[in-house]
Amino acid sequence: MSDELRRVMCVEDDPDIRLILEFSLATVGGYEVCMCASGHEAVFAAQVFRPDLILLDVMMPGLSGPETLSELRKLPEIAGVPSVFLTAKALPGQLEDLLECGATGVIVKPFDSVRLPRDIRIYWEHGRARKAI
Amino acid sequence: MPVRQFDALPEGTALAYARMRQRFVAGLAARWAEIVAAESDAQRQFLLHRMSGAAGSFGFDELSVVARRAEAAAEAAMAAGGRNAQALETLCAMIDGLVRSSAFLQSPPHKETP
Chain W
0 MSDELRRVMC VEDDPDIRLI LEFSLATVGG YEVCMCASGH EAVFAAQVFR PDLILLDVMM
60 PGLSGPETLS ELRKLPEIAG VPSVFLTAKA LPGQLEDLLE CGATGVIVKP FDSVRLPRDI
120 RIYWEHGRAR KAI
Chain A
0 MPVRQFDALP EGTALAYARM RQRFVAGLAA RWAEIVAAES DAQRQFLLHR MSGAAGSFGF
60 DELSVVARRA EAAAEAAMAA GGRNAQALET LCAMIDGLVR SSAFLQSPPH KETP
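Chains as they are written, first to last, in numbering that gives the first Met the number 0: chain W, 0 to 132; chain A, 0 to 113.
Pulled out of the complex, with its shape left as it was, chain W reads as follows (with noise of 0.2 Å):
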């Protein structure tokens, strides 16, 4: 796992989410970003970017966020990675779920675009102690 949380991978199928996504992580966090649009184009895009960090919307059509996560972790590339789910149902019972599935942390939607820079590293720094335990 990476020393440095430099590259984020962002899968979203909302257009306009994406664009804020990446306002938020590139212009205002200095990240750099590999946006995708669906579960089965950031399994194919993770092998050649090698995120620092996953950042997966639930409700996707095609690939759902918790399926994808399945999916990127076949990948020898993504072990150990850190994840993040976005979501805008945030029920205590489903945020369980969502946990169960892999994922270091939820964040809930809508998400403040100054703070996400900072609440990934959160997530991330969490999930690489909890690797090293």
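In short, the hints are calculated from the structure, not lab data.
Be aware that a few hints might be false.
[As the list claims (entries may be wrong)] Partial chain W-side listing against chain A, Cβ under 7 Å, derived:
no., residue
1, Asp-13
2, Ile-19
3, Ala-87
4, Pro-109
For every residue, glycine included, the Cβ atom is placed at its ideal position computed from N, Cα and C.
Using the hints, position chain A against chain W.
Same frame as chain W, but now just chain A:
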């Protein structure tokens, strides 16, 4: 909802954000048309879900809340085999008002909420 800090952004970055909001508003009518034309309550629920998440992330908190209510109504309609016209009408009026208004572009992108 967290407190947002757009006042702290450099001028160019704040301008880029304002342009993105304009683009989102310009696309609202198309989003609405897609919701109205949805082939099923499940599809309508999915589109409302996306609108709620997007609107809130662009700082349109009220629209986000109404879209979420309409999403819940569409979900309930699926269970009951009917359709909650009132929630969709409220959303329609709000989108219509937002698209027609020019005042929102001068307003701060986000409000602090308690």
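Broken hints, by number: none
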